[in-house]
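*Asks:* Based on these hints, arrange chain S on the given structure of chain X.
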Amino acid sequence: VDLAAATARGIIVTTTGPANAGTVAEYIFALLLALMRSVVQAAGGMRAGL
Amino acid sequence: MQVIAAAGRGPDTVPKPVPVLPLMEMLAAADVVSLHARLMPETQGMIDADAIAAMRRGASEHRAQGTGGWSRADRGAANRASGWRCFGQLRGRTASHRLTIAGPANVVLSPHVAGQTMGAVLRVGLTAAQAILDELAGRRRGFVVNPATYATRQRGI
Chain X
1 VDLAAATARG
11 IIVTTTGPAN
21 AGTVAEYIFA
31 LLLALMRSVV
41 QAAGGMRAGL
Chain S
1 MQVIAAAGRG
11 PDTVPKPVPV
21 LPLMEMLAAA
31 DVVSLHARLM
41 PETQGMIDAD
51 AIAAMRRGAS
61 EHRAQGTGGW
71 SRADRGAANR
81 ASGWRCFGQL
91 RGRTASHRLT
101 IAGPANVVLS
111 PHVAGQTMGA
121 VLRVGLTAAQ
131 AILDELAGRR
141 RGFVVNPATY
151 ATRQRGI
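Chains X and S supply the protein sequences, listed in that same order.
Okay, so the first sequence: first residue is 1 according to the working numbering, each after it adds one.
Okay, so the second sequence: first residue is 1 according to the working numbering, each after it adds one.
So here's chain X without its partners, still in its complex pose:
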């Protein structure tokens, strides 16, 4: 959004704040555990028949 143009025309721009914060935090932990336990490499290896 062009904030300067919106402000000049009196248009308020807002975000939705923390509306999805809990969901994002869940996903971060999913990715973190996948990284720490090499889940993606393990799945890829199985798909490749290793």
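Derived by calculation from the structure, the hints in this document are not laboratory data.
Note that the structure is predicted; figures quoted are calculated from it, not measured.
A virtual CB, placed ideally from N, CA and C, is assigned to each residue, including glycine.
What the simulated footprint calls covered on chain S by chain X, stretch by stretch (three residues with Cβ under 8 Å from a Cβ of chain X suffice, anywhere in the stretch; the number is not a length):
(1) 27 to 37
(2) 108 to 119
(3) 133 to 144
*Replies:* Chain S in isolation, oriented as in the chain X frame:
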């Protein structure tokens, strides 16, 4: 597990029990860094080479594309950092950019879906609708990105 934070928009944006530290101190203390910042002039390059150097060896970072954070040069610094790992979400970038960030094996990639549950989508939609209703009723909202607009209106511009 202890949660710590660095809040560029002020400590009031962080839940009370969470200690708020200067960015470099937070980076030096954290095992995992999760970056959530809009792409603004003040957040562009926020995680620069100095910030990456401040992170603990073996630390991990999560970032979402489209947020503030790295420059291309800083990604190079991250790739050179021994034991540095990262996971991230991608959206709207070129193929060459994707190849650049997808190169190291110590990166886990994901589409930009962290907030895409049915519940979260519903909450975001209702929050946006309520913001419109508040605006139409003359109520000031939280999370206004351009509060200078109120002064603009008072001047009748």
